[in-house]
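If you read the sequences in order, they're chains A and B.
For the first sequence, my numbering gives the first residue as 8, with consecutive numbering after it.
For the second sequence, my numbering gives the first residue as 119, with consecutive numbering after it.
Incorrect hints may have been included.
[Stated by the list, open to error] Here are the simulated lysine to aspartate or glutamate pairs, EDC-like style, with alpha carbons at most 20 Å apart: (1) B:Lys-532 <-> A:Asp-162; (2) B:Lys-336 <-> B:Glu-301; (3) A:Lys-198 <-> A:Glu-188; (4) B:Lys-532 <-> A:Glu-35; (5) A:Lys-107 <-> B:Asp-183; (6) A:Lys-107 <-> A:Asp-93; (7) A:Lys-118 <-> A:Asp-138; (8) A:Lys-168 <-> B:Asp-257; (9) B:Lys-480 <-> A:Glu-35; (10) B:Lys-231 <-> B:Asp-257; (11) A:Lys-174 <-> A:Glu-35; (12) B:Lys-425 <-> B:Glu-270; (13) B:Lys-382 <-> B:Asp-527; (14) B:Lys-543 <-> B:Asp-527; (15) A:Lys-105 <-> B:Asp-387.
[To be verified] Some chain A residues flagged as far from chain B (calculated, every beta-carbon gap over 10 Å): (16) Gly-43; (17) Ile-83; (18) Ala-104; (19) Asp-116; (20) Gly-124; (21) Glu-128; (22) Arg-155; (23) Asp-186.
Hint data in this document are derived by calculation from the structure and do not stem from the laboratory.
The model shown is predicted, which means the values in this text are computed figures rather than measured ones.
Every residue gets a Cβ at the ideal spot worked out from N, C-alpha and C, and that includes glycine.
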Amino acid sequence: MTRKWSGLVAACAVLGVSAAHAAAPSPEVLANACNGCHGTLGASAGPSMPSLAGQSKKAIADSMKAFKSGERPATIMGRLAKGYSDAEIASIADYFAKQKPRSYVQAVDAKMADRGGMLQEKHCNRCHLDDGQDFKDDAPIMAGQWLRYLQVQMDDYSSGKRKMSEKMAEKMKQLSRDDMEAIAHFYASQKQGETK
Amino acid sequence: MTMDRRNFIRLLGGASTLALAACAGSPAVSSGSAAEILPKTGRRVVVVGGGYGGTIAAKYVRMLDASIEVVLIERNKQYVSCPFSNYYIGGLIKDLTPLTIGYDKLAGNHGVKMLHAEVTAVDPAAKKVVTTEGTLAYDRLILSPGVDFRTEEIEGYAADTPDLLPHAWKAGPQTILLRKQLEAMRDGGTVIISMPLTPYRCPPGPYERACLVANYLKANKPKSKLFLLDANPDVVSKKPLFTKAWNSYYKGIFEYVPGKKITKVSGSDRTLFVEGIEDHKADVVNFIPPQRAGRIAVAAGLVGADKNWCPVNATTFESTLHKDIHVIGDASVAGAMPKSGYSANSEAKVCAANVVALMNGKETVDLSGINVCYSAIASDQSVSIAGVYKVIDGKIAAVPNSGGISPADFSQTKLEHVYAESWLKNILTEMST
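Chain A extracted, bound-state conformation:
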């Protein structure tokens, strides 16, 4: 370091001007900002906000990108996703995917959940693996997700606002609105990770 530069650095240190020397936001700092709505470490306390903890990295990143482009319908998420680069989105998705899943006990209709269990076995289980406990590629974990969130998504799918993959559209064609409701109750009734 030349004398001129060391003098400048010393002057900045005295004035407390360290912003220029700080590193880019860490994955943790990027992701923590989301926790106010999605819960500490991405475990949502409900009732309509989805949990992100332990979710498929690809599902989170794909959703954020679809929010950003406007492809996925949104209220605030479209406005927020536009604030992040694709690299930042990948970093946030990776961070939440690594967190321990945790679900809360929810009030569900037991009869509907039973019927939904059978329906998902037949229609959903090949991608939302193991009763929705696990994920395959971009198909997210469903078990323990918040009921009100799942209902809003079913509304958006059935009205055509939210686009589906071809394989999902093929399955959804065979389901009535009541069937979808039953499946939502089933997934919401399932436990995922540590339960509170």
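Since chain A is already given, all that's left is putting chain B on it; use the hints.
Showing chain B alone in chain A's frame:
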């Protein structure tokens, strides 16, 4: 800026005078005790203020480095959220339970040490805080003191004024008092909400309050009238949305009156004076005074040239006036981030990460912040504003081409009302567990 012993004692004396001036109407602050409590054995962060900023700062320091002791100082055993307190004032919720949290789980889950006391002074040179329970030392101090009122600027504002003209801008007894006054008012009465010039805590808050009070009057006391006297020349937050809500739902019952800066009040006559002359009398007056950083930030010499708010480093939230003291939330000057609960939450996490980095000799990281704020416009409808922030040229700025307000066609207001409920549930759970 350094401070010798004599100056520190002078500050202590000055602090109680200041407290009386700044908090007319609230109980006077008892003087602090010099005896040291909780002697410091290892590295310690002291956090002052158990609200939206302080709880999160305390929790995240512990989550990031459990070898650092954290003491959270808060005068009350319970905290009542200011966000959503308009729901109670407007009668959407019947008590303050959904807005109230305690500190036991936060302390138990994360090993945060709670000290229920009032901070009366800070000695930045000796790195000590003086409280009503005794003095304690810190390595770094995080202040999240919220706001206090600049009542000395209002002629006639006396100790009993908040009882007569409730501000209801700190949630709790004031919130309940304003609701009681509205309930007791006859049908055909007049209500005034008076709001100060910006910056003040929660930019959309007074406009949301206008919606929910109008909503209550419309359903219960339809012959009544509500006026919002705004000191600002125009609506300062979510303007197209609030204007549309007022025109669509509250025409005839509500009137927005801009450019009305109150300089004098008469509590017993329930009268406000604009520029000391033009008077406005009503049956219920909700007078929200102009604001500044919480008393302790002023007493500690942390406010800048404007004498009101605390200038801070945009990355670490360290005060530019005193080393090793960080200021977050409403009290700080956080560039483009508004004085909101979510901002305080977001700032607290960045501050915590950098406090831990600095204490471990590691590199600090730049801010990445979010603000999300919902305002109810009717019993079952809400609108929102959202923003993403980062450091640009050393200042906190909104990320270009991101953020914004709800669509003006109100196509999402019912769904946003559902999400608003989750906002409250999650953020209070984050603060209390």
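Which of the stated hints cannot be reconciled with the structure, identified by number in ascending sequence?
4, 6, 8, 11, 13, 14, 15, 16, 17 and 22
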